[in-house]
Amino acid sequence: MVNLIWVFLAVSGIAYAAFAGTMDRVNEAIFATIDESVMITLSLAGVLVFWLGLMKIAEEAGLLTGLAKLFKPIVKRLFPDIPENDPALGYILSNMTANMFGLGNAATPMGLKAMKEMKRLSGSERASRSMITFLAINTSSLTLIPTTVIAIRMKYGSVDPTSIIGATILATMISTLAALIIDRYFYYRRRKTGQTL
Amino acid sequence: MSIWLIPGVILIVLVTATIKRVPAYEVFVEGSKEGIQIAISLLPFLLGMMVSIAIFQASGAMDAALGLIKPLTSLFAIPEQILPLALIRPISGTAALSVTTELIRTFGPDSFVGQLASVMQGSTDTTLYIITVYFGAVGIRRMGDALKVGLLADLAGIIASIVIVIILFG
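The listed protein sequences correspond, in order, to chains H and P.
Under the UniProt record's numbering, the first residue of the first sequence is numbered 1, with each subsequent residue one higher.
Under the UniProt record's numbering, the first residue of the second sequence is numbered 1, with each subsequent residue one higher.
Hint data in this document are derived by calculation from the structure and do not stem from the laboratory.
C-beta atoms are modelled at their ideal positions from N, C-alpha and C, and glycine is treated no differently.
Careful, some of the hints might be misleading.
[What the hints assert, rightly or not] Listed below are the simulated BS3-like cross-link pairs for lysine-lysine, each with C-alpha atoms no more than 30 Å apart in a straight line:
1. P:K20 - H:K76
2. P:K148 - H:K116
3. P:K148 - P:K70
[Claimed, not checked] Pulled from the structure, derived: some chain H residues nowhere near chain P, Cβ distances all over 10 Å:
4. L70
5. D81
6. N138
Just chain H, same shape as in the assembly (with noise of 0.2 Å):
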């Protein structure tokens, strides 16, 4: 589905460019774009490096297993595939919380990493039920507090910036639930037509 919607952005965007006569602006992005995508991935690996070195000593510190520990209940019932006290509860843990604090830099190192280990856990090349319950949270946004938002609204003169604070808390909440039953949804479905996983 992936594969569809890669194609269909460029193709129908060339064919639309090459009526509306915008061929020329089509070039300059297409060139603009590889740039920009090599820098977003060069200050990913900046920040990358640093929080899988710091996680690394967090995990060997057993930092990882105790936060696993402490959310056991509700993690566990999240991803009931996944082994009590196996690393990926820890770094999935992790990368939650800095969503919820807004730290979108911290979380996406620990987001990957706790794919890595996902993906260690099924020993496939197939998406498992725990990764897609994981991107499902993950896409519905666990933000509490919306930084960006916020510093925005402060500069175009806000009377009250952090307002909608509140009412994003509970949009989040609502969705991330909405994504939950939906995931589990589809896993049924999954289940009842005979895939494994």
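Put chain P on the given structure of chain H with help from the hints.
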């Protein structure tokens, strides 16, 4: 308070490691090497997706698609100005942020549209980016229901933020 968060985490990790006699620096270097690997394996996925989205946007096709869907919003009494944001949010994080900024600038941060854009921006995330990055970095090729689940979760988040903002600020 948030400026204490990251230094605080570093402090806790390093102090605990020292108490537990973990050779912190060596372990740090060992763990960070993995970061370089992940970043490099990420580039093809990220670059490919970003170029495709850029073509779609720069050609004007995205604006055209938005125009097509406009009649739908008036049906549900949703301010049509919010529609571009709702559609772009799952596809491109940077585009969504620029739309949010534009809406807040044009209508004012404390207007209904401004509040709605703020909440929507904060309560959803860029599904396509997350899926590209997370699956790309670990080499998952068969994504199962992940995209469907992610996009439906976005839809739920968008509807939730509209309803909540109407109740709280409307």
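Inset, instruction - Determine which of the earlier numbered hints do not hold for this structure and return their numbers in increasing order. - result: Of the numbered hints given earlier, the structure breaks just one, which is hint 6.
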